[in-house]
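I would like the entire structure built from these sequences, with the hints used as guidance.
Taking the numbering used here, the leading residue of the sequence shown gets 23, the next gets one more, and so forth.
FYI, nobody ran anything at the bench for these hints, they're computed from the structure.
Nothing here was measured: the structure is a model prediction, and the numbers come from that model.
A couple of the hints might just be wrong.
What the hints assert, rightly or not - Straight-line C-alpha distance at most 25 Å; calculated SDA-like pairs for lysine to any residue:
| hint | residue 1 | residue 2 |
| --- | --- | --- |
| 1 | K82 | T27 |
| 2 | K29 | Y126 |
| 3 | K82 | L125 |
| 4 | K29 | I62 |
| 5 | K29 | R133 |
To be verified - DEER-style ranges, computed between Cβ atoms:
| hint | residue 1 | residue 2 | range |
| --- | --- | --- | --- |
| 6 | R80 | F47 | 34 to 42 Å |
| 7 | D51 | R80 | 44 to 52 Å |
| 8 | G118 | S46 | 18 to 26 Å |
| 9 | K29 | I62 | 12 to 20 Å |
Cβ atoms here follow ideal geometry from the backbone N, Cα and C, with glycine treated the same way.
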Amino acid sequence: MRFDTPKLLFSVIVSGLVSYGFYSFNSLDQNILIATISFIILTLNLTLLTAVSFNDSRDKVNLRVISMIFLLLFIVSLFVVNNFFFSTTSLIIIFGLAVSLYLYLIYSLSR
Numbered sequence: 023m024r025f026d027t028p029k030l031l032f033s034v035i036v037s038g039l040v041s042y043g044f045y046s047f048n049s050l051d052q053n054i055l056i057a058t059i060s061f062i063i064l065t066l067n068l069t070l071l072t073a074v075s076f077n078d079s080r081d082k083v084n085l086r087v088i089s090m091i092f093l094l095l096f097i098v099s100l101f102v103v104n105n106f107f108f109s110t111t112s113l114i115i116i117f118g119l120a121v122s123l124y125l126y127l128i129y130s131l132s133r
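Written out as structure tokens, the structure is:
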């Protein structure tokens with residue numbers, strides 16, 4: 023498992039821009055929380071999707087498919103959260119469980 027630095031930088035920049043978009047278009051009082059959650063989740067997801075290279079092609083394909091599925095899931099859920107009010111606790115628990123499941127699947131597939 024190796025990191026490609028330019029792709030890593032690209033994924034952090036794209037995550038920051040998307041997070042700023044969620045921050046600026048949020049009409050509720052949870053701007054900072056949603057921007058922080060989206061930055062952490064999207065950076066993690068885009069990094070594993072684009073900036074990480076594996077030796078085995080089977081692992082690479084499986085991990086990228088899982089990352090793409092979770093990326094779409096996270097973006098849809100962030101759009102939903104951006105338009106409806108959720109408590110801070112429920113946001114942290116929902117996205118924390120989703121990220122934990124994502125990392126568990128990535129770890130299990132890469133072993």
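Hints violated by the structure (listed by number, smallest first): When the structure is compared with the hints, none of them turns out to be violated.
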